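Enquirer: Same order as they appear, the protein sequences are chains A and B.
Under the working numbering, the final residue of the first sequence carries the number 320; numbering is consecutive throughout.
Under the working numbering, the final residue of the second sequence carries the number 118; numbering is consecutive throughout.
Do not take every clue at face value.
[As the list claims (entries may be wrong)] Mimicking DSS-like on lysine-lysine, the simulated pairs with C-alpha atoms at most 30 Å apart in a straight line are:
hint, chain 1, residue 1, chain 2, residue 2
1, A, Lys298, B, Lys50
2, B, Lys78, A, Lys300
3, A, Lys234, B, Lys82
4, B, Lys87, A, Lys301
5, B, Lys64, B, Lys87
Simulated from the structure, these hints should not be mistaken for laboratory data.
Given the structure is predicted, the values throughout are model-derived calculations rather than measurements.
Read off the chains here:
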Amino acid sequence: MKKSVAAALAAVFIFCGCQKKSAERSAFFAMDTFCTVVSDSSTEQIEKVINTCSVNLDAYSGELNSFNENTFTKNEYIYDITEKTFALNDEFGDNVDITSGALTVLWGISSDSPAVPENTDISLALDTIGRENIVLENATVKKPLSTKLDFGAVAKGYACDLVYSECEKSTADYAIVSLGSSSLLYGKKPDGTDFRIEIKNPDGDAPLGMITTSECFVSTSGGYERFFEADGKKYCHILDTETGYPTESDLVSVTVICYGENGGIKSDFLATDIFLGGTKNLKKHLSRDDYKIVAADKNKKLYVSSGLDFEINLNSGYSL
Amino acid sequence: MKFINLRDGIIVAAIFLSALAFVFVGNFFSGQTAEISVGGEVARIVPLDKDDSFFVGDVSFEVKDGEIFVTDSPCRDKICVKSGGIKNVGETIICLPERVSVRIIGKSDSDSADIIVG
Numbered sequence: 001m002k003k004s005v006a007a008a009l010a011a012v013f014i015f016c017g018c019q020k021k022s023a024e025r026s027a028f029f030a031m032d033t034f035c036t037v038v039s040d041s042s043t044e045q046i047e048k049v050i051n052t053c054s055v056n057l058d059a060y061s062g063e064l065n066s067f068n069e070n071t072f073t074k075n076e077y078i079y080d081i082t083e084k085t086f087a088l089n090d091e092f093g094d095n096v097d098i099t100s101g102a103l104t105v106l107w108g109i110s111s112d113s114p115a116v117p118e119n120t121d122i123s124l125a126l127d128t129i130g131r132e133n134i135v136l137e138n139a140t141v142k143k144p145l146s147t148k149l150d151f152g153a154v155a156k157g158y159a160c161d162l163v164y165s166e167c168e169k170s171t172a173d174y175a176i177v178s179l180g181s182s183s184l185l186y187g188k189k190p191d192g193t194d195f196r197i198e199i200k201n202p203d204g205d206a207p208l209g210m211i212t213t214s215e216c217f218v219s220t221s222g223g224y225e226r227f228f229e230a231d232g233k234k235y236c237h238i239l240d241t242e243t244g245y246p247t248e249s250d251l252v253s254v255t256v257i258c259y260g261e262n263g264g265i266k267s268d269f270l271a272t273d274i275f276l277g278g279t280k281n282l283k284k285h286l287s288r289d290d291y292k293i294v295a296a297d298k299n300k301k302l303y304v305s306s307g308l309d310f311e312i313n314l315n316s317g318y319s320l
Numbered sequence: 001m002k003f004i005n006l007r008d009g010i011i012v013a014a015i016f017l018s019a020l021a022f023v024f025v026g027n028f029f030s031g032q033t034a035e036i037s038v039g040g041e042v043a044r045i046v047p048l049d050k051d052d053s054f055f056v057g058d059v060s061f062e063v064k065d066g067e068i069f070v071t072d073s074p075c076r077d078k079i080c081v082k083s084g085g086i087k088n089v090g091e092t093i094i095c096l097p098e099r100v101s102v103r104i105i106g107k108s109d110s111d112s113a114d115i116i117v118g
């Protein structure tokens, strides 16, 4: 009896072992959003990388909060993300400003009680903004007490870069990691096909279209999901640090694809930067080789980088 | 002496068939399915081929005509309610304040996206 049962169990194990390896999935809340990880390899390490990054860069708790109440920090995450963002500012300008924390808090758009602030308060907040006041040296970030750092525009993309490094170290053949507005499409899918990225329609109906691409980072920016209403007007969560008010950009959605190392923070930075720049500043971005974009404006017009495999959905109501 | 007698044969067959059942049962969910998570943990799996309405925590859902909607939530902005219905693999509805998320899982066809952004 034992011999035959053993034989049956052996057959079962061999049979089950020959089944196609299924994807590992993980879903959790981090970085103030819902995160999902799909990979052919263990998702545990990826989840850990994201959670650690989240803890270090969260503006409302932990290290960053302490730093904001102080004047210096040696936190490696804060130093690294600040240095990388400033390099992007050098190349693309200062639309995206990580020193705008006082302004973000003032508008409190994600808080329980957002309200339109007084102009005097806005002026006071604007006075604290400016990266010329930040000093990076000896692995230390120094700032004036009144300046508050906020990495909302770059943190998720930065986390994707850390995930990329983790994937390179692991045995993963592919990983699809979504942190809400920033994602990493890593490696190559088991069936060998390229990744497909669907872009949502700001008006909620049929998608704008589908991008087909090899491994990349993708980030989006749009005013239509996080906003508050006051006196019949919609205020979006993307602030213009020139005016101190939510941006009045004529764009409704910007999607940026970047390739290679540090592509995560770059795509996240550019998604906000390009959104703030409006249609009048789009031209210079559309011909770049190191990143590709799909932008939609308030007049239902689409702008797509040359060389990007983007299939427009004819039912979207948007046109090229 | 026989190598295998009837009793052993039945036990072997039973083990083998139950293993087969585990392997194939996943493929029977050929319709779309919604996975509702709270705080990142899966709370409920909902087949979308049957109309239904129910609560997960304080958030109320409805399944109708193959789509799932959030019909009400205690959150302030009700973005989850305004999102409308979802039915395609990869689509999600999120309620951040309630830490509830809904996503469509199931057999993906070649037309569906790996990721939905925007």
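Enquirer: Take a quick look at whether A:Lys298 and B:Lys50 sit within 30 Å of each other, Cα to Cα.
Expert: violated, 38 Å
Enquirer: Does A:Lys301 sit within 30 Å of B:Lys87, going by the straight-line distance between their CA atoms?
Expert: holds, 27 Å
Enquirer: For the pair supplied as a hint, B:Lys78 and A:Lys300, is the alpha-carbon distance within the 30 Å limit?
Expert: Measuring from Cα to Cα gives roughly 26 Å; hence the hint holds.
Enquirer: Quick one, are B:Lys64 and B:Lys87 close enough, alpha carbons at most 30 Å?
Expert: Within the cut-off at roughly 10 Å; holds.
Enquirer: Given the hint that A:Lys234 pairs with B:Lys82, does the C-alpha gap stay at or below 30 Å?
Expert: Between A:Lys234 and B:Lys82 the Cα gap is close to 15 Å, so the pair holds against 30 Å.
Of the numbered hints stated above, the single one contradicted by the structure is hint 1.
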